[in-house]
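Throw the hints in and build the complete structure from the sequences for me.
Position one of the sequence shown corresponds to residue 1 (my numbering), numbered consecutively onward.
Source of the hints: derived by calculation from the structure; they are not laboratory data.
Glycine is no exception: its CB is placed at the ideal position from the N, C-alpha and C atoms.
There could be a bad hint or two in this list.
So the derived label-pair ranges between C-beta atoms look like this [unchecked claim]: (1) Ala249 <-> Ala182: 48 to 56 Å; (2) Glu144 <-> Glu223: 36 to 44 Å; (3) Glu168 <-> Phe259: 49 to 57 Å; (4) Glu144 <-> Ala204: 33 to 41 Å; (5) Asn171 <-> Leu221: 22 to 30 Å; (6) Glu140 <-> Leu262: 45 to 53 Å; (7) Ala246 <-> Thr105: 26 to 34 Å.
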Amino acid sequence: MNTQAQVQRAQRFRALHDRSRVLLLPNAWDAGSARVFEDLGFDAIATTSGGMAWSLGYADGEHMPLSEAVAAIRRIVRVTSLPVSADFEAGYGESPEAVAASVRTVIAAGVVGINLEDGIRHETLRDIDDAARRIAAAREAAREAGVPIIINARVDTWIVDGGAGETERINETLRRARAYLAAGADCIYPIALGKPDAIARLCAEIDAPVNIGARAGLPDLAELGRLGVARVSTATRLATLALSAAREAAQRLRSSGRFDGLDAALGYEAIQGLFPHPGNATGGT
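Structure below.
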């Protein structure tokens, strides 16, 4: 993709964050899932680091090498005309300078947005100043690349179990959100936040789009919109559903010896039709 086309996609993606309606983002883990989501009519696609790592044979948490992560993201960008935002975990770098170098690499793969998280191995929160410097480094890398990416700053105050109460978590999230926005973030993602009153307060007090992670038990999309949410992403949920469905079908096959559970609503021809291909292939393995 040339820079002009990438900038146009970035502008499209940025316009989707105007808070006039909730942006719903499915998180793809490979090129196939990305094409399925585009075919359903979504406006943009995000990636899931967990689903992508598992598909490549690694645990989540920056265990997959940067080169493999970027190669997988590049394949997703190649097969879709939609804006793609990458779950870039903690930025693939020990220092802000290293984060900037990694961000330049993923921008070169064609993305128009990234997630950056402030948790360390889901065990502790990164120092707020260090986390802000990493966001600032990512923003500068985007300026140098000439691509106005959306930086979605993930705040892990609801993941890290520090014994903090709800009010403490909200106050710490607000403190971090303001620092990250000042450093160059565009959107705030308090992952694992689920209580409607807390969602409403954060959306009211954060002067930027707020991203919520979808999961069973949350209010529906319309209600989240009324609470002030600007963006909802599915995180690992669709990837785990896909793996769960495959596991259950394989388990039934193994235990029963019957093949009638192998029919799928989305069959070979339908999936094949999502990809441009020469000739009229009718078989598969």
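Against the structure, the hints come out as follows:
Taken as a hint, the range 48 to 56 Å holds for the pair Ala249 and Ala182, whose Cβ atoms sit roughly 49 Å apart. Separation of Glu144 from Glu223 is about 41 Å and conforms to the stated range, judged on CB atoms against 36 to 44 Å. A hinted range of 49 to 57 Å for the beta carbons of Glu168 and Phe259 is consistent with their spacing of about 55 Å. At roughly 35 Å, the beta carbons of Glu144 and Ala204 sit within the given window of 33 to 41 Å.
Roughly 28 Å separates the CB atoms of Asn171 and Leu221, a value that falls within the hinted 22 to 30 Å. For Glu140 and Leu262, the Cβ-Cβ distance of about 51 Å falls inside the hinted range of 45 to 53 Å, so the restraint holds. At about 31 Å, the CB distance of Ala246 to Thr105 agrees with the hint of 26 to 34 Å.
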